Amino acid sequence: MEVRQVSLSDGVAGLRAAGRDPAVGAVLVDATGAREIDPAFPRRLESLDTPTVAVVSGDCDAGALAVLAAATLGVVTDDVTVTVEHPTVLGLGLTWSLPAALGAVPARRLLFAATLDAWALRASGLAHDGDPAAEAARLAVPGAALLVRSLRVAARSTPAQALAYDDELRRLG
Amino acid sequence: MGKVTTSHDGAVAVLTLNSPDNRNALSTDLLVELADALEELDADDGVHAIVLTGGPSLFASGADVRQLRDLSPVEYAASPRATSWRRIGAVGTPVVAAVAGVALGGGCELALAADLVVAADTAVFGQPEVRLGLVPGAGGTQRWARAAGRYTAAGVVLTGRTVDAFEARDLGLVHRIVPAQRVVAAAVTVAGQIAANGPLAVRAARAAVRRAEELPLGAAMEFERQQLLLMLTSDDHVEGITALLDKRAPRFTGR
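If you're matching them up, the sequences are chains A and B in order.
Here our numbering is used: position 77 in the first sequence is 77, and no number is missing along the way.
Basically our numbering = 1-based index in the second sequence + 173.
If you are wondering where the hints come from, they were derived from the structure by calculation, not from laboratory data.
Since the structure is predicted, the reported quantities are computational estimates derived from the model, not experimental observations.
Hints are not guaranteed to be accurate.
One side only, chain B facing chain A, incomplete, derived with CB under 7 Å [unchecked claim]:
| id | residue |
| --- | --- |
| 1 | ASP294 |
| 2 | PHE339 |
| 3 | ILE350 |
| 4 | PRO352 |
| 5 | GLN354 |
Not close to chain A: a few residues of chain B, all C-beta gaps over 12 Å, as computed [said to hold, decoys possible]:
| id | residue |
| --- | --- |
| 6 | VAL220 |
| 7 | ALA263 |
| 8 | THR325 |
| 9 | ARG424 |
C-beta: ideal position from N, C-alpha, C; glycine also.
Throw the hints in and build the complete structure from the sequences for me.
Here it is, written out as structure tokens:
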């Protein structure tokens, strides 16, 4: 299955189109220089049934954190700088999504940092330093898509409910 | 081809709304066909539970708004729409709704008319009627209030906001959440669990549960006691208890 590249300028429509194309096995999101992003973009990214890899580089605001938290896997390049300011944090729901993704204390380290470099982002666990294209190619398999769906449902379920969902999901694989 | 198709899986019947051209809008034709099909299955002794679904993409998008726009109150009252909804509500066989995608307006009322809802994680419930200058007319205001409480009902019915499968499960409306492609199969599994029980007992228990919405507690408890007395006259309860004591599966006859 193919990897579809979607940039921030393709917007929600680009993500939607990738999600609807049965040939697309994974989506590689280029979030270079993420600033004042559409809040619907990370929401749509998170709702895709296909695995996603986000790569963030350059000078970004906290929207980069939202994209990284919404993707299946996040990668940052060495030159990335993220400026964290409260209007973006609050506008993108990061006080909910970052603690959910990382745990409360690591999330606070990011949210109160003012600026974050590649080392801090990788140390937090929100991103790593792999090859984004290779990661996306690795995730472009049906099994990875099932895990993405399972994880999204599990986040809003009790253990028993999640297991019952997975019992049905396994029959699709 | 009809707008409602029926298939059978043992003692479970599956009714599928099949009007993809208008996203299963509940036209008068479709409602009449649905009521006919439900009544026919309800009268069939071989059918112990019914799954009602729109398939893995969507359940039902609501009333056929073009039809509604052109109806006068007198015409509405005289049309088969209102009668169809009453006939749908009068079915005594347990109904499991299998909901994927939108169940809005009349589609949501149809889902909430069922005894249980199995939902896909894609399911969306809501009563957007007020956005069109209408109100729900087939139980939307009442079923939401009774299932989820008056304040939740007000949020849904007065703002027209939608509720996803997870919130609906938290509110108690949804029995199980499954992948969309498995929603019909999972509902058939649940319906099969119901159908495996004593059919007289299931119908009586269902009727008693429904009384929880319709009668004061004392009268409903009295109804429940009467159902138990009725069961004590049945062959099925003798068979059920004997099978339990003999450590074997019961063979119910519905008598």
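Now the hints, each set against the structure:
1. Taken as an interface hint, ASP294 (chain B) checks out: its beta carbon lies about 5 Å from the nearest beta carbon of chain A, inside 7 Å.
2. Hint on PHE339 (chain B) holds. Least Cβ distance to chain A is approximately 4 Å, under the 7 Å limit.
3. Among the interface hints, the one on ILE350 (chain B) holds; its C-beta lies about 6 Å from the nearest C-beta in chain A, closer than the 7 Å criterion.
4. Here the hint on PRO352 (chain B) is kept, as its CB sits about 5 Å from the closest CB of chain A, short of 7 Å.
5. Below 7 Å, beta-carbon pairs count as interface contacts, and GLN354 (chain B) has one with chain A at about 6 Å; its hint therefore holds.
6. The claim that VAL220 (chain B) lies off the interface holds: its Cβ sits roughly 24 Å from the closest Cβ of chain A, which is beyond the 12 Å cut-off.
7. The Cβ of ALA263 (chain B) lies farther than 12 Å from every Cβ of chain A, with a closest approach of about 32 Å, so its non-interface assignment holds.
8. The claim that THR325 (chain B) is not at the interface with chain A holds, since no C-beta of that chain comes within 12 Å of its own (minimum 18 Å).
9. For ARG424 (chain B), the non-interface assignment is confirmed: its Cβ lies about 29 Å from the closest Cβ of chain A, beyond the 12 Å cut-off.
In summary, the structure agrees with every hint in the numbered list given earlier.
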